[in-house]
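Undergrad: Using the hints provided, position chain B relative to the given structure of chain A.
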Amino acid sequence: MAQMKYFYELTISSSPHVHSPVTTRTIMRDVLIALAPSLAWAVYQFGFRALMVTLVSVAACVFFEWLWCRLAKRHCKIYDLSAVVTGTLLAFVCPVTIPYWTIVLGAAFAIILVKMLFGGLGRNIVNPALAGRAFLFSWPTVMNTWVKPGFQNAPGLLSTADAVTAATPLANMHQGLMPEVSAWDLFLGNVGGCLGETSALLLLVGFGYLLARKVISPRIPVVYIGTVAVLSFLFPQGNDRIGWMLAQVFSGGLMLGAIFMATDYVTSPVTKLGQLVYAVGCGVLTILIRYFGSYNEGVSYAILVMNACVVLLDRIGRPVKFGAPKKEAAKQ
Amino acid sequence: MAFSFFGGVHPEENKWYACDKQTQAFPAPDVVVIPLSQHIGAPCKPLVKKGDLVTLGQKIGDNQGLCVPVHASVSGKVKAVEARAHTSGTTVMSVVIENDHLDTLSPEIQPRSQEQVDALTPQELVQIIREGGVVGMGGATFPTHVKLSGGIGKVDTVIINAGECEPFITADDRLCREQPEKLIAGLKIIMKILGLKEGHIALEDNKPEAAKALQAQLAASDGIHIDVLPAKYPQGAEKQLIYAVTGREVPSGGLPAAVGCAVFNAATCKAVCDVVYDGMPLVKRIVTVSGDILMEPKNLLVPFGTSFNDLIDACGHSEYPYKVLSGGPMMGVAQYDLSVPTIKGVNAITVLGRHNEYAVDEPQCLRCGKCIDACPMKLMPVLMYKALQSNDVEEMKANNVVDCIECGCCAYTCPASVPLVLGFRVAKQRIRNEAAKAKA
Chain A
1 MAQMKYFYEL TISSSPHVHS PVTTRTIMRD VLIALAPSLA WAVYQFGFRA LMVTLVSVAA
61 CVFFEWLWCR LAKRHCKIYD LSAVVTGTLL AFVCPVTIPY WTIVLGAAFA IILVKMLFGG
121 LGRNIVNPAL AGRAFLFSWP TVMNTWVKPG FQNAPGLLST ADAVTAATPL ANMHQGLMPE
181 VSAWDLFLGN VGGCLGETSA LLLLVGFGYL LARKVISPRI PVVYIGTVAV LSFLFPQGND
241 RIGWMLAQVF SGGLMLGAIF MATDYVTSPV TKLGQLVYAV GCGVLTILIR YFGSYNEGVS
301 YAILVMNACV VLLDRIGRPV KFGAPKKEAA KQ
Chain B
333 MAFSFFGGVH PEENKWYACD KQTQAFPAPD VVVIPLSQHI GAPCKPLVKK GDLVTLGQKI
393 GDNQGLCVPV HASVSGKVKA VEARAHTSGT TVMSVVIEND HLDTLSPEIQ PRSQEQVDAL
453 TPQELVQIIR EGGVVGMGGA TFPTHVKLSG GIGKVDTVII NAGECEPFIT ADDRLCREQP
513 EKLIAGLKII MKILGLKEGH IALEDNKPEA AKALQAQLAA SDGIHIDVLP AKYPQGAEKQ
573 LIYAVTGREV PSGGLPAAVG CAVFNAATCK AVCDVVYDGM PLVKRIVTVS GDILMEPKNL
633 LVPFGTSFND LIDACGHSEY PYKVLSGGPM MGVAQYDLSV PTIKGVNAIT VLGRHNEYAV
693 DEPQCLRCGK CIDACPMKLM PVLMYKALQS NDVEEMKANN VVDCIECGCC AYTCPASVPL
753 VLGFRVAKQR IRNEAAKAKA
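These protein sequence lines map, in sequence, to chains A and B.
Per this note's numbering, the first sequence starts with residue 1, numbered consecutively.
Per this note's numbering, the second sequence starts with residue 333, numbered consecutively.
The hints are simulated quantities; they were obtained by calculation from the structure and are not laboratory data.
Note that the Cβ used here is the ideal one computed from N, Cα and C, for glycine as well.
Don't take each hint at face value.
[What the hints assert, rightly or not] Derived DEER-like restraints, expressed as beta-carbon distance ranges:
#, chain 1, residue 1, chain 2, residue 2, range
1, A, V205, B, A590, 48 to 54 Å
2, B, G579, A, V230, 37 to 43 Å
3, A, D185, B, H342, 40 to 46 Å
4, B, A374, A, C69, 50 to 56 Å
5, B, H342, A, V320, 23 to 29 Å
6, B, P562, A, P21, 19 to 25 Å
7, B, E651, A, P21, 16 to 22 Å
8, A, A59, B, G586, 55 to 61 Å
9, A, I78, B, V734, 35 to 41 Å
10, A, A59, B, E651, 38 to 44 Å
11, A, V230, B, K486, 50 to 56 Å
12, A, W66, B, G586, 49 to 55 Å
[Said to hold, decoys possible] Derived pair list, reagent style DSS-like, types lysine-lysine, alpha-carbon separation capped at 27 Å:
#, chain 1, residue 1, chain 2, residue 2
13, B, K718, A, K73
14, B, K718, A, K214
15, A, K272, B, K729
16, A, K272, B, K710
If we strip away everything but chain A, and leave its shape as in the complex, we get (with noise of 0.2 Å):
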């Protein structure tokens, strides 16, 4: 029918009819690319448990988020991977040590409580994978727990009985002393510690890959450890300046947290001068607890604290609008 040929089904929207390739799924998955080499080298480490534990916490992670939406009848959109990033990021801030069930109950508390209780992905207002952490704390025997490094002295996959345990280098500077590793060794990796945060070196490569892809700026990473490396270097601890503030640089989960949990987009601020102060906020804590606190590391608290002053950060710093009035712009 001739006259009828305009009666496509036609698909009418508002503008803009076209977009970005880049999409919530490919920045999610290039942050998994960016983890992937701090994951090869947690298994070289610490043997086949290291990806056992981030497997388990993966899927784990995603499974509650689908029941969650099952359960709650939501639209599932375990596609965007979001979940299996906050699974992976999980088992980095774990010891290799850990029991299947802890980190089980952790990726519960992770994506329930955390994440899907405040409304799913961008909603939430602490990052899941360190609030997970922080509460399996309440077993804090599991989380301290430190293996040698060296793939002989891996934990099995089923038991963790036979591990060589020792203490971290930040445990050493805890008490005021120099590590027993040398700068260099904390640099490559060559430390006992969480999963994924041991290797500097290749927490670098993934921030450059990031950094390539365009998925997040560096402003947040650099000036959180430009931060931590300017107060270690004022406030050292022993003679040795330089190699203080290189072992609180390189050490502990400054690399991990800087790079892929400070920078997580939904719980740190939209504008630019809300993320300097947010940053420069993390790197303050995560001395004070290092120095202070009664616990070794401050990386995930410092964040945790953070986190929860987004809101008030987002008010600093926003855009003066094209063709402000004068006045306006001054008062801004």
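TA: Structure of chain B alone, referenced to chain A:
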């Protein structure tokens, strides 16, 4: 010209589909539908009735106040004066003319020689431009004579906008390449009306041949500058263009005249030339018919009143169209009825395939801030949308929703596919409703 506006995005330009296609005259169809409202302002009243015979270029609608007349684009018999579908999505009173294919010219059309044009006063020129039915042809369709008469004495810089930053569209590019002398003649008339010695023609650096063609027609004494700006969307948006050329910021809520500028679209400028020299009113324009599923994208010289359907058929498509847009993909209006006629503000028809679909169910803002970096008006779309979601009109106003130019940069770049532009249109309406309620 050293200025670069804040923000903006780089969507796939997709100009290659049509940029090298010579403009072809599209034969007028058997029936044309001429809407009586093709501009911002009061709609025309019909000057003809059913059964009347009309000639090509005859005035068939006019009104008092902020109004621009419309003319018959073919000769023939008026079949009906009735409400017909319009690209805005509503129906508009239209004159339906059965084409007799004789193209009998209206006796009123008298070409003017250079001497005659030189003898005309600015007021006479403005009146000729109004009678010729010239409106802003970039899409906004603001009456050109109003902009001109309002700008006399206030404007010190006139800019011809050949930026054409929207993907796919090449109509102004072709115009600059094929008829640069007419564009320049039009600009000289505008400069004369506004009493200016200098003028600017601004285009993006992805149209080097257009810039070359224009440059070749210029003499140093003309006082006309070609400003080649970096290709970035929305370079052709009026406020951003003024900033890029002059470094001046049009105040919020103000018109370009507030900073001494007037911007005219390239096609408008050429129409001014046609009306003044040939006496030919605005009855046809170059339309780019392009898109990623068309067999043969084209630039067509289309008589007004030709249906979208005829034009798309002339290009052929390889799959069923998913969206047909009046305009480009960033700001174009999606059509649901392809019987809508081509009118003065339609610079392109863009036909997109289904793979362009990007809407998602329950979009979730990630707070990534990409929208803030993209917004050329330096707004914070993320907070504007949050205000809309909480239905807080005061917060919407505080976040400057009314300053949004709906360019689409934020929604284009949003990884979560939040329908930001749609949301801001709703928010603006809420603010207007609130203001109306306060008045009542």
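Undergrad: Could you tell me which of the numbered hints above are not met by this structure, giving the numbers in increasing order?
TA: none
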